[in-house]
Amino acid sequence: MTDVLVVAELLEGASRKSTLSAVRFAREVAEATGGAFDILTIGEGAEAAASQLAAFGARKIFTAEIEGGYVAERYAPTVAAVAKDGGHGVVAATATTFGKDLLPRVAGRLGAGVASDIASVSVDGGSLVYRRPMYAGNIFGFARVSTDVQVVTVRQTEFEAADEAGGYTSAEAVAVVEDAAASRVEFVSLEAQKSERPELTEASIVVSGGRALKSAENFKSVLEPLVDVLGAAMGASRAAADAGYASNDLQVGQTGKVVAPKLYVAVGISGAIQHLAGMKGSKVIVAVNKDKEAPIKEVADYFLAGDLFQVVPELVSEIEKAR
Amino acid sequence: MKILVPVKRVADPDNANKVKVSADGARVTSEGLEWKLNPFDEYAVEAALRLNENGASGEKLGEVIIVSLGPDEVQTTIRQPLAMGADRGIHVKADDAELDSTVVAKVLAALVAQEKPDLVLMGKQAVDGDSNTAGQVLAELLGWPMATFAMAIETADGGKTLTIGREVDTGVLTLKVTPPAVVTVDLRIVAPGSVRNGVTPDAHKYGEGARYASLKGIMAAKKKAIDVRTLADLGVTDGAVVTYTKFERPPARTGSVRFVESAQELVQRLKTEAKVL
Ligand SMILES: Cc1cc2nc3c(=O)[nH]c(=O)nc-3n(C[C@H](O)[C@H](O)[C@H](O)COP(=O)(O)OP(=O)(O)OC[C@H]3O[C@@H](n4cnc5c(N)ncnc54)[C@H](O)[C@@H]3O)c2cc1C
Ligand SMILES: Nc1ncnc2c1ncn2[C@@H]1O[C@H](COP(=O)(O)O)[C@@H](O)[C@H]1O
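Quick mapping for you: the protein sequence lines, in order, are chains A and B. According to the working numbering, the stretch in the first sequence is residues 20 to 342, in order. According to the working numbering, the stretch in the second sequence is residues -8 to 268, in order.
Careful, some of the hints might be misleading.
Claimed, not checked - Below 25 Å or equal to it, Euclidean Cα-Cα: the simulated DSS-like pairs (lysine-lysine) are:
no. : chain 1 : residue 1 : chain 2 : residue 2
1   : B       : 9         : A       : 302
2   : A       : 316       : B       : 9
3   : A       : 213       : B       : 167
4   : B       : 262       : A       : 302
5   : B       : 266       : A       : 340
6   : A       : 302       : B       : 266
Don't read these hints as lab results, they were simulated from the structure.
Work out the full structure: start from the sequences and follow the hints.
The structure is reproduced here in structure tokens:
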């Protein structure tokens, strides 16, 4: 029997949808081991976020109201204390930059081993086995964690957002635990990129542009019409983000975001290993590239060979016609 | 500042699709692949050097110490940052199988107790295991503040406070940190203007990426000291807490690529064949 504590990620006082991937994981573990799962909402707006998560089947929801922006040192002591008091065998969050930052710090406090960015979980002989991508997604390893408490971050694209389970879990406030490390770090600002488009990690279609777009203006005038006619989210390769054609938070790949939409269109992207690591789980992959030998062909289902400056506008008008 | 930079050697990341799984699934084999400095660690070395120098005059402002855990071969890995300009190295002898991010963090914590650096500057993730864990665990073990996924570091007072931009999902999160601290770096820390130490003139432009070792640097590195320690010397003998019982290759994507002749054909196929439009 393993009880799981899910740490919810909050943004502007609301639970992010990514939290529901960790909830899915927690439910799987609880069901497989005959345990239960609890949720901790922590940060500014923790109480409001708790009511958003009330219908997902948690045994308990704990809330820890902490004002000001997110700083790991101010959250980790409370997360660890809740897990300790609750006797949770697993502490989990989704592997967003929030989860990846906070959870290993919590692990340090609990003396727990960490399985990060897992793709699935199973039970074998009473212990949990975590399947996780390594080497930029070219190998899957099956990991076991030998510590009493285990810390896990889960890949959002591999754990579908949990659906509501009915019922209503009421919230219970917990004491905030302080730690000296927090006195030496101060939140200054969060400069968030705002966009009207769907969120990259949640969109069912993603159109990404690479270095071949050559400028931020071309991202706007050539790529955006394709993005918008498809109602897609916009992505970019590292080369395009580094060059300033697109903002960094649009980077797809090993060190950017991992996406798995039903359709991924890579425009002027060569398909470096680090890029493939972030998109090869997509259902259908289309490459638009003038080089028929570009490595993206290894994962592409459809390859439109040609100059993007000519074929992308054609694609836009063909899609409009086909509607 | 005194800066400790842990570095790991990894199988050539640009050939990560060539790593193989042994027939019994028990091991990952990277035979025939070159060992490379983990790219994020190379960026950490570059950032440490930039923090500790006047980029225009070349004058040094502090010490950069390189640490690597692994078999004897990692001494070659340590020489590379020494050739880039780091001052000395520490090799902690260990079999790769004895290590995981938790062991690495414990060893680094023990070394920090001995060396008392102002900063541990490291990669956010080793691109073989892709764990992204050691830095955060280390910071907690030390009771130090941390800034992970750093893409900009600025200090104007010799390092008494650091203003650090972190690359997060929603944009850039800025923290002000009082050392000693742990900082893990992301890709863009090696952009030309990402590190500002208040000494290097703002007009000075660094190149894109980490510096290459000069021939002179390579010669000098041969004479730099590498201290050798064991896990037992540092009191870390519990072994890895995360172990792998099996490895496998992901299933290949179904079918092979279909070249289409025109935008019109592509749209038709996406609609009727793939049914995604
Ligand atoms: C540690 C590390 C982490 C990394 N993480 C990431 C990551 O997360 N995400 C990522 O994307 N990269 C990452 N990279 C970088 C990666 O290795 C590649 O350098 C990068 O993905 C290349 O981007 P690109 O495909 O846009 O550019 P290029 O490789 O330059 O490819 C451009 C492509 O456009 C085609 N082309 C050119 N002109 C035209 C035209 N007019 N019409 C049509 N096609 C055209 C070319 O044939 C070529 O295939 C990482 C690298 C390192 C070292
Ligand atoms: N064997 C090692 N020797 C030195 N540093 C390491 C080692 N393994 C990991 N690290 C450091 O820890 C960082 C994060 O690694 P990881 O948690 O394994 O992804 C790396 O970028 C290195 O700076």
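Hint-by-hint comparison with the structure:
Taking the CA atoms of residue 9 of chain B and residue 302 of chain A, the gap is near 24 Å; set against the 25 Å cutoff, the hint holds. The straight-line distance between the Cα atoms of residue 316 of chain A and residue 9 of chain B is roughly 17 Å, inside the 25 Å bound, and the hint therefore holds. Note on residue 213 of chain A and residue 167 of chain B: the hinted pairing holds, with a Cα-Cα distance of about 24 Å set against a maximum of 25 Å. Our distance criterion of 25 Å between C-alpha atoms is met by residue 262 of chain B and residue 302 of chain A, whose separation comes to about 14 Å.
Taken as a hint, the residue 266 of chain B and residue 340 of chain A pair is honoured in the structure, with Cα atoms around 16 Å apart against an allowance of 25 Å. Straight-line distance between C-alpha atoms of residue 302 of chain A and residue 266 of chain B comes to about 11 Å, which keeps the hinted pair within the 25 Å bound.
Against the hints set out earlier in the document, no violation occurs for any number.
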